[in-house]
Amino acid sequence: MLDLAYLRENLEEARQRLSHRGFVLDVETFRRLDSERKNLIHEGERLKQLRNTSSEEIARLIKEKVDVTEKRNEMKAVGQRIKEIDETLGTLEEEIYRFASIIPNLPDTDVPIGLTEDQNVEVRRFGQPPAFDFEPKAHWDLCPALGILDLERATKITGSRFPLLAGAGARLERALINFMLDVHTKEHGYSEVVPPFMANSRSLFGTSNLPKFEEDLFKVKDTDYYLIPTAEVPVTNIYRDDILEDDRLPVKFTACTPCFRSEAGSYGKDVRGVFRQHQFNKVELVKFTRPEDSPLELESLVKDAEEVLKRLRLPYRVVIHATGDAGFAAAKSYDIEVWLPGQNAYREISSCSNFRDFQARRANIRYRPSGGGKVRLVHTLNGSGLAVGRTWIAIVENYQQKDGTVVIPDVLRPYLNGMTVIKPQKVI
RNA sequence: GGAGGAAUGGCCGAGUGGUUGAAGGCGGCGGUCUUGAAAACCGUUAUGCUCGGAAGGGCAUCGGGGGUUCGAAUCCCUCUUCCUCCGCCA
Numbered sequence: 001m002l003d004l005a006y007l008r009e010n011l012e013e014a015r016q017r018l019s020h021r022g023f024v025l026d027v028e029t030f031r032r033l034d035s036e037r038k039n040l041i042h043e044g045e046r047l048k049q050l051r052n053t054s055s056e057e058i059a060r061l062i063k064e065k066v067d068v069t070e071k072r073n074e075m076k077a078v079g080q081r082i083k084e085i086d087e088t089l090g091t092l093e094e095e096i097y098r099f100a101s102i103i104p105n106l107p108d109t110d111v112p113i114g115l116t117e118d119q120n121v122e123v124r125r126f127g128q129p130p131a132f133d134f135e136p137k138a139h140w141d142l143c144p145a146l147g148i149l150d151l152e153r154a155t156k157i158t159g160s161r162f163p164l165l166a167g168a169g170a171r172l173e174r175a176l177i178n179f180m181l182d183v184h185t186k187e188h189g190y191s192e193v194v195p196p197f198m199a200n201s202r203s204l205f206g207t208s209n210l211p212k213f214e215e216d217l218f219k220v221k222d223t224d225y226y227l228i229p230t231a232e233v234p235v236t237n238i239y240r241d242d243i244l245e246d247d248r249l250p251v252k253f254t255a256c257t258p259c260f261r262s263e264a265g266s267y268g269k270d271v272r273g274v275f276r277q278h279q280f281n282k283v284e285l286v287k288f289t290r291p292e293d294s295p296l297e298l299e300s301l302v303k304d305a306e307e308v309l310k311r312l313r314l315p316y317r318v319v320i321h322a323t324g325d326a327g328f329a330a331a332k333s334y335d336i337e338v339w340l341p342g343q344n345a346y347r348e349i350s351s352c353s354n355f356r357d358f359q360a361r362r363a364n365i366r367y368r369p370s371g372g373g374k375v376r377l378v379h380t381l382n383g384s385g386l387a388v389g390r391t392w393i394a395i396v397e398n399y400q401q402k403d404g405t406v407v408i409p410d411v412l413r414p415y416l417n418g419m420t421v422i423k424p425q426k427v428i
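FYI, the numbering for the first sequence is 1 to 428, going by this note's numbering.
Where hints are given, some of them may not hold.
[Stated by the list, open to error] Listed below are the simulated BS3-like cross-link pairs for lysine-lysine, each with C-alpha atoms no more than 30 Å apart in a straight line:
| id | residue 1 | residue 2 |
| --- | --- | --- |
| 1 | 310 | 402 |
| 2 | 402 | 374 |
| 3 | 38 | 76 |
| 4 | 76 | 63 |
| 5 | 186 | 374 |
| 6 | 63 | 48 |
| 7 | 65 | 48 |
| 8 | 137 | 374 |
By construction, these hints were calculated from the structure, which means they are not laboratory data.
Between the sequences and the hints, there should be enough to build the whole structure, so can you do that?
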């Protein structure tokens, strides 16, 4: 959420910057709500001051044994009026909060301006797409023959877009998780957590998945619980309503969790294989930083995620989101796109964002600057490091052989008991 | 699931209707002392909103919400969380 004080004083600038991402800020409504609010506050505070001074006076008069009946009745009416004003004000502030909570974050000034993903800008590339002396297959053709993926049975168990990995496929998934977590915890300084896989609406509001994106979530019936769409939600909310000590910053967490997304509105997109699923595993990186540190922390976060792909020797590129393609809460974000031979394209495998104080304000996450300054909002950042299911696809497709087997990348072999190649197998 | 108890500032902890935004302690910050440090001593130290150019005012906040009252940290109702005991399950 944006700072309402900033909005009040820089309404035109905010309107302008938000227009770069295709958001039309209703300046008139905001001005009207804001001035109504001010009027009510002034009137209410005037009456409360009257009530406070009169109460003191009544206490004094009682001591002096003076009759206060009239004064009391007078104040009773004032009290009634205060109650009415407070109720109206409460309703109005809710309205303002609702209004503000669906305004997206301001894009950073160094983000390329553009409304569509065509205007995203590639910033760097690693590796070359592998040259095959045969026609490489997509994973949905390759994997059933290997017996490591069974989508028909997954659909039977649940429905479409759920994964069922088997044998070496299942072990590859687990190896990837352990490999990624080891890199981030042992080498990149992240602490590992295992958070709840369901979160309440307050938490989802904090990361701004609610109220605007409820249709993307699975909700547990008759509860206030949602299946998490990413570990970002529970991990960011670890510090909701907390005040962190300065010397603890930056705090860096990593967590592997299943992610559940309803993918409403994506029908007809990526329908084959396991690229877009209702459930997938993801290793997430989350940082809480001082405001002045967040731009550089975003750069290092992206590098931390890239390192996983480098070690797996998977070709990728890094793309910066244009203003209009960045997520609702992001001020700036990079995607990492891995090369998928089966699609002959670079596809998203990680998204890394700086939210600045946008989530921190919603979730009320603050820190106390050393040297005794005022409590300030932290900046939050996060990124995938990486989406495990998509990494799984990338390995299978990039490391496939002419005979349909898949070579295991060197760095993963210790995690697979020395396995070097995935051969056809039947475990289901 | 049943029965009790508790929730106060960054932390600990007083406080049962009228200068209590809140004693005291710890911690933090500034200072005195010291070659330096520690100790000791002195001072200072919440957040949000609002008025103001500023100085400085005002309002709200003692887990959340509601109620009683001229007036609530304090009384009542309710919700949440935590603790103890019993039961159940792993």
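Consistency of the hints with the structure:
Under the criterion of a C-alpha separation no larger than 30 Å, the hint pairing residue 310 with residue 402 is consistent with the structure, at around 24 Å. Taken as a hint, the residue 402 and residue 374 pair is broken in the structure, with Cα atoms around 63 Å apart against an allowance of 30 Å. Straight-line distance between C-alpha atoms of residue 38 and residue 76 comes to about 24 Å, which keeps the hinted pair within the 30 Å bound. Between the alpha carbons of residue 76 and residue 63 the distance comes to roughly 20 Å, so the proposed pair stays at or under 30 Å and holds.
For the proposed pair residue 186 and residue 374, the alpha carbon gap of about 34 Å is over 30 Å, so the pair is violated. Straight-line distance between C-alpha atoms of residue 63 and residue 48 comes to about 23 Å, which keeps the hinted pair within the 30 Å bound. Restraint check: the Cα-Cα separation between residue 65 and residue 48 comes to about 25 Å, which is no more than 30 Å; the hinted pair holds. Proposed proximity of residue 137 and residue 374 is contradicted: the alpha carbons are some 58 Å apart, above 30 Å.
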